[in-house]
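Note that the protein sequences, when read in sequence, are chains B and W. Here the working numbering is used: position 29 in the first sequence is 29, and no number is missing along the way. Here the working numbering is used: position 105 in the second sequence is 105, and no number is missing along the way.
Quick caveat, the hints were computed from the structure, so don't treat them as lab data. A hint or two may mislead.
Here are the simulated lysine-lysine pairs, DSS-like style, with alpha carbons at most 27 Å apart [unchecked claim]:
(1) K148/W x K39/B
(2) K30/B x K233/W
(3) K139/B x K191/W
(4) K129/B x K39/B
(5) K29/B x K153/W
(6) K148/W x K233/W
Here are some chain W residues pointing at chain B (derived, C-beta under 10 Å) [claimed, not checked]:
(7) A86
(8) P154
(9) Y214
Keep in mind the model is a prediction, meaning the values are calculated, not measured. Glycine included, C-beta positions come from ideal geometry on N, C-alpha and C.
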Amino acid sequence: MHMADALISPAVGAAMWTATAGLIVFSSKKVKQAADDRKVPLMGVLGAFIFAAQMINFSIPATGSSGHLGGGLILAILLGPYAAFLVMASVLMVQALFFGDGGLLALGCNIFNLGFFSCFIAYPLIYRKIVGDKPTQGKIVAGALAAGIIGLQLGAFGVVLETVFSGISELPFKTFLLLMQPIHLAIGIVEGMVTAAVVMFVYQARPEILSAVSRFKPIGQLDLKKVIVGFLLAAVFIGGGLSWFASSHPDGLEWAMFKTSGKEELESRDQMHTVLAAVQEKTAFMPDYGFKNTEVASTSEPEVKPAWPAIDFGTSLAGFVGGGLIFLIIFLIGFGFRRREVIT
Amino acid sequence: MNNIGRNYFDIGYMDTLAQGDSWLHQLDPRAKVITTLLFIMAVVSFGKYTIWAFIPFFLYPVFLIAAGGLPGGYLFKKVLLVSPFAILLGIFNPLLDREIFLLIGTIGISGGWVSFGSILLRFVLTVTGALLLVALTGFNPVCEALRKLGVPKPFVIQLMFFYRYLFVLTDEAQRMERARALRSFHSGFMKYRTFVSVLGHLLLRTLDRAERIYYAMCCRGFDGQIHRLTSMKSSLRDFSFVIIWLGLFSVFRIYNVPEELGGWVMRCFR
Numbered sequence: 001m002h003m004a005d006a007l008i009s010p011a012v013g014a015a016m017w018t019a020t021a022g023l024i025v026f027s028s029k030k031v032k033q034a035a036d037d038r039k040v041p042l043m044g045v046l047g048a049f050i051f052a053a054q055m056i057n058f059s060i061p062a063t064g065s066s067g068h069l070g071g072g073l074i075l076a077i078l079l080g081p082y083a084a085f086l087v088m089a090s091v092l093m094v095q096a097l098f099f100g101d102g103g104l105l106a107l108g109c110n111i112f113n114l115g116f117f118s119c120f121i122a123y124p125l126i127y128r129k130i131v132g133d134k135p136t137q138g139k140i141v142a143g144a145l146a147a148g149i150i151g152l153q154l155g156a157f158g159v160v161l162e163t164v165f166s167g168i169s170e171l172p173f174k175t176f177l178l179l180m181q182p183i184h185l186a187i188g189i190v191e192g193m194v195t196a197a198v199v200m201f202v203y204q205a206r207p208e209i210l211s212a213v214s215r216f217k218p219i220g221q222l223d224l225k226k227v228i229v230g231f232l233l234a235a236v237f238i239g240g241g242l243s244w245f246a247s248s249h250p251d252g253l254e255w256a257m258f259k260t261s262g263k264e265e266l267e268s269r270d271q272m273h274t275v276l277a278a279v280q281e282k283t284a285f286m287p288d289y290g291f292k293n294t295e296v297a298s299t300s301e302p303e304v305k306p307a308w309p310a311i312d313f314g315t316s317l318a319g320f321v322g323g324g325l326i327f328l329i330i331f332l333i334g335f336g337f338r339r340r341e342v343i344t
Numbered sequence: 001m002n003n004i005g006r007n008y009f010d011i012g013y014m015d016t017l018a019q020g021d022s023w024l025h026q027l028d029p030r031a032k033v034i035t036t037l038l039f040i041m042a043v044v045s046f047g048k049y050t051i052w053a054f055i056p057f058f059l060y061p062v063f064l065i066a067a068g069g070l071p072g073g074y075l076f077k078k079v080l081l082v083s084p085f086a087i088l089l090g091i092f093n094p095l096l097d098r099e100i101f102l103l104i105g106t107i108g109i110s111g112g113w114v115s116f117g118s119i120l121l122r123f124v125l126t127v128t129g130a131l132l133l134v135a136l137t138g139f140n141p142v143c144e145a146l147r148k149l150g151v152p153k154p155f156v157i158q159l160m161f162f163y164r165y166l167f168v169l170t171d172e173a174q175r176m177e178r179a180r181a182l183r184s185f186h187s188g189f190m191k192y193r194t195f196v197s198v199l200g201h202l203l204l205r206t207l208d209r210a211e212r213i214y215y216a217m218c219c220r221g222f223d224g225q226i227h228r229l230t231s232m233k234s235s236l237r238d239f240s241f242v243i244i245w246l247g248l249f250s251v252f253r254i255y256n257v258p259e260e261l262g263g264w265v266m267r268c269f270r
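Generate the whole structure from the sequences, applying the supplied hints.
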C-alpha cells in the first residue's frame, strides 16, 4: 500500500526521506565496494522483472480476489540486501513519477516501508537465519513465508505510524492499526508463498543461481546497527526540528494533545521550552494562528483561549469569494498560454 | 486491452509527451526537478483545514499544461485513477470530526468535510506536480539531473538500466500472459500453479538476459559511465524559472491570497 503526499506532513515526509536517502547512499557505497560489474545489468533487469511481475495476477482460491508479487523479498534473496534496496527504490520511483502512485514527498516513506523492512530486516534477520547456508525446500518455504509476513507487517505498521504522526487523516491509531495489520497479514502470506514458490522453481531449474547468491556474506552485525541508529537519530532530529519551526497551525500531535489534555501545549514550561518557543515565534512563517495581539492581551485575563478550531465566519466567506475569483483568473491565464498544437 | 497493456501504453505515452518542443521541455531538467520539489513542499506544508489557500497553487499545473501543450484531460484521468487510497483514508474524516468549522452563507460545513476536501486538493496538486515533471522532461533527463544534484551514481545507473529494460520485460510478460489467456479461453486470472510457472520462467529468462547484456556491455567497453551527447547547461532562463516560481509559491504560502482578495472585493461592494 502506497502512502500519498496528501496524507503526510512535511515533517514526517522529510524525516522519512532522510532515512531513505541515507540508506540509498549507504547501499550505493556497498554496491560500489562489491565492484561486481555483472550486477549492474542484473539489478536493472531484475527491477524490470519485478515491475512486469507485479502486473501478472493470479486468482486466490475461494476469495474472488487476486494476488501478485510484491518483490522486496525475492530481490533480497537474488541480489543481497544492498542491491535489492536500490532496485526496490528505483521501481517505486518510476511508479511515483509515471503513475503518481504515492507522490514524491511520500516516496521516502514508501521506499522505507517496502524496501527497508524486507531487505534489511526480513531478509537478513529471518530468511537467512532460517534457510542458512544449505537451502532445502522446507527451509526455503518456511523462511520465505516468515520473512514475507513479518516484512509486510512492519511495512503496514510503518504506514500507520506515518499517517498518524502526520495528522492529516482523522483515523485514530487503534482503528487504523486494526484495519491495516490483518489485511497485510493476508498480503504477507501471499507474498511469502509466491516468493517461496518462485525461488523453489529457480532452485530446481538452475540451482547454481541461488548458491551463487547465498555465498554473499550476510550484513556485518555491527555495521548495520550503527547505521540504523544513526539514521533514526537523524530522522528524529529533522522531523522534530521541522515540525517545531515550520508549523504555523498545530499539527496532528499537538491537536491530539489539545484534545486529550484540553491544553494546546503540555504545561512543562521550563527554560528550554520558552527559549525554543521564542525562536519558533520568530522563525515560523506565521506565528500560531496569527493572533499575536490577542495573545498578549489574554495573558492578563484569566485564560480565555479561543476554541480550536477557531471559526471565523468572515474569513471563510472571503475565502470562498476570493478562491472562486482566483480559480477563474488561473484558467484565463491557462487559456492565454495555451499552445496551438496539442500532442495527442 | 488488459491491465498489462494499459500500464505499458501509459509509460510509452508519457515518454511521447516528453518529446515535445515547447520552451518548458527545453528547460534544464534540474530547474524542473527543483521547482517540482518546491511546489510539493509548499503544498503539503499547509495545515489540515486549509482549503482556499490551495487555490492559487493551481496556477502551476494549469500554466505548465497550457504552455507545455500537454493534454490536461488525460493527466486528470491519470490522477483520478490513483485516487482511491487518498479517498479511502480521507473519507473517515467527515465521520470522526463533526464540529461545524466553516459557514458559507448559512450552510454550516463540519471540520471533517473541510479536512477531507483539503486532502483531495492536496492530492490533486501533488500528484499532478509529479506527473508533469516526467511529462515535460522525460525519465532519463530526470535521472541525469538527479546525478548532477548529488544522488549516488550506482543508484542513478540502476534507475536508467531499470527504465531501459522495463519495456523489454513488460513486453515479455505481456506475451506470456496473452499466450496463457488464448490457451485457457480467457478464463480471467491464472491459477496459482500456472502463475508460479509463468513467473519462474519469466525470471529465468530475465537472468539469462542479464547475462547477455553483461557480455554485450563488456564487448562495447562499458566502464560504469553513461555518456550523453547533450550536455546540461543552465542559462538565465532556467534560473529565472526557479526563482519566479519560488517567489510565487512563497507569496501563496505566506499570504492567503483568496481571502485577502475576497475581503477586498466584499468591501468594495458594501
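Now for the hints, and whether the structure bears them out:
no.	hint	result
1	K148/W x K39/B	holds, 23 Å
2	K30/B x K233/W	violated, 31 Å
3	K139/B x K191/W	holds, 24 Å
4	K129/B x K39/B	holds, 24 Å
5	K29/B x K153/W	holds, 9 Å
6	K148/W x K233/W	holds, 11 Å
7	A86	holds, 5 Å
8	P154	holds, 4 Å
9	Y214	holds, 5 Å
Going through the hint list in order, the structure does not satisfy hint 2, though it satisfies all others.
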